[in-house]
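Keeping their order, the protein sequence lines are chains A and B.
So this note's numbering is basically just the index in the first sequence, starting at one, shifted up by 36.
So this note's numbering is basically just the index in the second sequence, starting at one, shifted up by 296.
No wet-lab data here; the hints were simulated from the structure.
Owing to the predicted nature of the structure, the values given are computational and were not obtained by experimental measurement.
A portion of the hints provided could be inaccurate.
Mimicking EDC-like on lysine to aspartate or glutamate, the simulated pairs with C-alpha atoms at most 20 angstroms apart in a straight line are [unchecked claim]:
no.	chain 1	residue 1	chain 2	residue 2
1	B	Lys819	A	Asp98
2	B	Lys1097	B	Glu1061
3	B	Lys945	B	Asp1033
4	B	Lys652	B	Glu711
5	B	Lys819	A	Glu64
Among chain A residues calculated to face chain B with C-beta under 10 angstroms, some are [what the hints assert, rightly or not]:
no.	residue
6	Val77
7	Ala104
8	Leu161
9	Lys197
10	Gly212
Per the computed footprint, the stretches of chain A lying under chain B, defined by three or more beta-carbons under 8 angstroms from a beta-carbon of chain B, are [said to hold, decoys possible]:
no.	stretch
11	201-210
12	215-221
From the three backbone atoms N, C-alpha and C, an ideal C-beta is built for every residue, glycine too.
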Amino acid sequence: MKKSFRPYLAFLLMGSLLTFSACKDEEEPEPDHEHDVVTTVTLTLTPSNGGEAVTATWEDLDGPGGNAPTIDELVLSANTTYTGAIAFASEEAHGDHHDTHDLTADIRAEGTAHEIFYLVTPQNLVTFSKTDKDANGRPIGLETTATTTAAGQGKARIILKHQPGTKSSTSNENTGETDVDITFDTKVQ
Amino acid sequence: MCIAFSCGCSGTDALFLIPSTVYRINLFILVQVWLLLFVAGSALAQEQSYTDAEEPEQDCGLTLSGKVLDHDTREPLIGATIYIEELQRATLSDEYGNYHFHHLCRGSYTLKVTYIGYEPERLSTRMSISTVRNLTLHIDAQRLAQVEITGTRLQEQAQATETLQGRELEETRGLSLGESLKKLTGVSSVQTGPTVSKPVIHGLFGNRVVIMNNGVRHESQQWGNEHAPEIDPLNAQQMRVIKGAAGVRYGSDAIGGIVLVEPSTLPDSAGIGGEVSLIGSTNNRMGTVAGMVEGKLRQLPLSWRLHTSVKKAGSAQAPKYNLDNTGFEEQNLAAMLGYKRQRFGAELYYSYFHTKLGFLSSAHIGNLTDLANAIGRERPEETGSFTYTIARPYQDVTHHLLKAKASYQTGEVGELQFTYGLQQNVRQEYDRHRNTGDRPQLDLDLQTHTTELVWEHKPFANLSGSMGASTIWQNNSYAANTRPLLPYFINTTIGAFVSEKWRKDNLQLEAGIRYDNKSLDIKRWNRTEGVLRPSYTFHNFSGSFGALYDLGYHVTLSANVGYASRAPHSYELFANGLHNSAASFERGNPELVSEDAVNTMATLNYHSNLRLNGELSLYYNTINNYIYLQQAPEYILLVSGAYLLAEYKQADARFWGADLNFDYALTNRLTLNNKTSLVYAKNRETDSYLPFITPGRTDNTLRYSFENRNASRLSDSYLALGGLYVGRQSRSDAQSDPVLAAPDAYFLLHAEAGTQLQFGKQQVELGIVGSNLLNTSYRDYQNRLRYFADEMGRMIMFRIKVPL
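So here's chain B without its partners, still in its complex pose:
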């Protein structure tokens, strides 16, 4: 048995360690290999479970189940913890109060039942056959008065969501927002060199992904592929991604999905606390210091928090050369103040984000001849050597966010929330041309005011939901004598929505509708006609309908149809300028209309099992009037020579694909995790490929968690080794990628380890993450700088967190 197990393990290792074999296997075969491994693994697991038994010759297929009930009222208790001391196994009662343990062997067990507000119960049971046993708890009268009970379901909504939190989030500390989110299935990133990364959900990105930063819609120059979201991920306690068209709650535009970045809630008990984190890495020799202090006053219901982080990195290293001028620095500050009374609550939040990031010097080129020369080179023309200095070309971006939120309990029926957000985004780009003074060549200033009023009502005859209205007012301008890439504009959007959920027994139905009216007033300067003032009005509807069915046996099925529409951005309408890293001149199209998407998704969730848990979702997204940048066949002649001409076009498109994410516990300590996502896209009108679509990818990680020993200083220690395989984008051709064909598939090895150290009363969290461990030279299809340079080589990142 032991031999059989190690066989399975070395089988996995073989897949990780021989990348050359993996390269040749196409993704489907790879998936099949995993499935096979799986079957072998589950056979193994059956065997394995015998070792847990006291008497191995006995039957170990027994089930212990029942209900957890309030002793007096006989009401089911949802979310009570039932723990078998002998096996160190725990489960939670579900929403009907049911609990169950499978694969138990015959014998005596001690059950410990705990539930907030109730006295804990300890009882023994003797199992010889599968048993149904109801557990009753007594109210703990003394505690109940002060305790607030919150319960969450495993799945709240029919639409597929992914959450990055806890250990997985900790492992991304030190990375940018876009790089962190790549941990989630179905999420990838569009990159511009090693410093700029934007989240991509199911192949869609930029203005099609709405980012909610602490409850406020993040408004910046997201039309640009080389404009990363201006958010400090170190301040986030949770990042959630809602996949697929989801315009109802947060406004139109969310054709691809929504990213919710949420800081942790303010402390609710009096006192002062805090933490300090230090992060460092090899490769670009990045150093990050982050600190947080928070507290709550004793006399007043007032809580506060201050968070700050400072980051500095030098130029990144590809395996064979230095990536010249790719250093960056970042400074962040966030302050939060909360006031909470029984019926009324208020919150004030301010955050400051500033970054200065270098651009690969050899990617900033002139005309087409330069581009051809750059592509022809083995390595970039200028490689230089490691430095922290950031020279031209670079970006300097500042983002301020001020948020004020008030909430008021409207009697017993619900809660009213009002949120106001003020944002200022200043983006300055410094080109590498003759530096006449210290002025930037692009200097955009975007100011946004958002308001939102939402009334969430409590369940009323199986129905719960919310309704609300929101406004956005936005003003964009550029500094005098800089590049008029984007015109002046004022955007005024007013929207209203209703979203309701109906729940009965095992079924949940949800529906929502939203309307947004967007008016766009543009002012642009024309040489012959002076100031032109075109203006537009767009009517955008969003809708969704979903169903969630709890099939029992740990299976939840859900399906969702979402409709979202997005008005064209001013950039898509009036872009007029050079894109230096693409040797292309981009031109907007004033005739564009709103694009709209119907996204159908089905998800199967298999949860709360002993060995195998996971989720599979399939989606099909039809986008009408999809706006994309198409290279024109002709060139444009400028003073610096010939450039490619790229113009915004519209066509009906189709996106489809699948996300798979599962954990398989090979033993109690060793878990295999698989994350696979496939995206396909097509232009339905011309039946041709769309450029820049995420290639298929699969990430497999084997994680070993060490046992917590009472005497040890270490706890929650783990070791993990994994491999990421990204296929070649075979669905590309000379029409979709006229400049350079899609790069080859690649395989990267990664490893993670972490532990918690106890020094007397002081706890310290330690972690180490290694990426691209084999120092593989590769290029990624969705990195815009793939024409010029390889990706980053091996990087090892260390982190220490000290709670104070």
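If we strip away everything but chain A, and leave its shape as in the complex, we get:
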């Protein structure tokens, strides 16, 4: 009986050898960051009659989950027309490392599959109209004209929709997949 256990030992040694020679522990996880996740949205509104540009930023540098985003208030002047531009970026910042991937150009390049919607409540607080067009002549919404009239307070909701194959004359903010859906508290004074 004892003799028959000799191969057992040999096998066991073989097994442990294979197991432990395979162990390696040098790999370290990279900072958690997805390059395609929008972390920063910047809305820039420049008064058409001159004057200083207004910017409002929505920022969530640690991406989905983790810390809550920081959201600016959008403050505009009454009875003014602005030229609007919106930028989307994927940023990462940790320690002394800071890296920004601008996604605006990608969205413009894929204009036939994207559209940005501006929904303001109350409706007459700010009026956004899209001034840029995709290859099919449909609006994209990266460039806009924003017009204010009377002073007031409300919210501006900005939605970036991914509408591959579904962007059409009838598509709206309920069509397709939502890439960005953010809201700025808005004040017109």
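Chain A is fixed; fit chain B onto it per the hints.
Using the frame of chain A, we list chain B on its own:
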């Protein structure tokens, strides 16, 4: 009599063909209907048996029985074949050498008795009353030297098992592993659209079901409901499912059960052989080519096999629209080399699996508003038209398995086996967001080394069994700049087990115990604190106790109590990310502890009968600290809007249910088969329903086997028609399914036919399988994409197999 018979038949047809009636009948009534049909059928069968008789006015209730014995030693011969030529009926002698034929009429019969290693015997007997006759056989001295005798019992273990093989397995050729296993009673599947299917045993799935692929524990990202097992079912000759907690032999975690996928054994006679299979289907216009070559060398005890299969399918079709982007492709390769000497054997096996599968485009959505919009639509937003092109979103998965096995006969007492397995699983998921380059958004790499050493000892004073030890070492990582859904981790598990069986006369007792020590070292990146390294140690015990009693009269009773525990998976501990098809953000819970289950099961097996054969099992499974994903009442706000928040929780749960599987031979050629399974589950702490539990289902098939004629080119031909009824999951509510209520019950008609063609010396196997023949639009509760689209419509699958 003939009229009575056709009545029974049309009764069955009525049940199949009028689904609207069936919809309204609840499952219990349905079962009762079958029971009634049964009683009617057995009365019928009594009548029917008269037709077999030569003189119908005579008594046909005679029994011929006795023992098959070795002429010289008077030892009983187990598994000898006794064949009555006049009736074309055969039986096998049982483990005590006993055989019996029931329902014989008076008359003369010729018995042919055969047994490996013995000279066949032919003798006549005249029956006027029930007779006991012992049959003796002489050793065939010339043959004995070369023949290896293997015997199997009808039931090997007390725990309920189901096997998919032979014709039933052939009928699933072309389907995925998860879809194939649905043929078994008590097994269903969790689906994500038409392309992803995971096996569910008694309501449990994912990490709770251990899959053994050719003797190696399959290790991949099985925590994900949309991650199908990376195994080519075309390479399997047999798939076995052990139901209920079964952790002793194959390691902890197996709370739900075990799936054993086994390729056929290597050839043991010299020469080269092979086969080619072609499979094609309508609906998604799938085409599959599979080829196999195998052989054994003349000079060396070395055998080999190569198996490959290539599959390609376009988008599936629901009855009313195209399921956009649901095409898939798959490439498989397996190579096997075996060496066998008298005492020593070795085996080397390598398999490669690669799949690229499309995801229903309209199911990949953004936030809650998108989800509400999607649910509100009659049909998916994008239906497109049929195409083989796979666009984003899609998965690309590669799995390699390398196995080395050695076995050594330890004298007369047993056999020692050592198995080493190396697996690499690379899972890449491509989302539908802006495609910045060709990079995947999720890119996980899991490497696993497994070793196992088992010593199986031969029966020693009624006791047989095995003992062994095993290790698992596993490393998970993800590519840079992809979604950190699952952290880096290293899992080291060491376990040991003993399992013994004691058998005497009609009773078999079995018991086993196992201990596993699992350590989990996690590395995850945190924005404020850098790399965090939480680590865990889990101690998991498994145990089982079972009894099997052969009551005689073709009845076997068995009962089993199994205990298994499962350590939480790293995903359940540290999940952190979006699930795009559920508009939910899933978050792990680092405080989770092991869940453990006590599963009690009782099985009654009625076998080797002329008309009715079947099995009924009842089970009751108590799971403490059951880990589940619970939708939180609050939302989470991301850049793309509001999402549901789902967090891992633990609660004590209870699963119970029944499986019924029987065959009833209405005539010698026509058989009715019923497979019914019921699963119930409850959260014992809150007394509420658990989500995602299999609804009750019953599948009834009527099969007609044609007689084999000597002159005909066709043999083993059959035709079958059946219906599957799946009830509505009524045990669900707004708490278990907050997004959308459970869908309605459904009924699907299916049909199968097959034959073997003989062209001179060349044999060809042909088969055709039709599913959802009425092209019914339905949604399944366990399909995660039920929010978005209907299931596949009618599909007809053709297959040709040519042995070379």
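Quick rundown of the hints versus the structure:
no., hint, verdict
1, B:Lys819 <-> A:Asp98, "holds, 18 angstroms"
2, B:Lys1097 <-> B:Glu1061, "holds, 5 angstroms"
3, B:Lys945 <-> B:Asp1033, "holds, 16 angstroms"
4, B:Lys652 <-> B:Glu711, "violated, 41 angstroms"
5, B:Lys819 <-> A:Glu64, "holds, 7 angstroms"
6, Val77, "holds, 7 angstroms"
7, Ala104, "holds, 7 angstroms"
8, Leu161, "violated, 21 angstroms"
9, Lys197, "holds, 8 angstroms"
10, Gly212, "holds, 7 angstroms"
11, 201-210, "holds (count 3)"
12, 215-221, "holds (count 4)"
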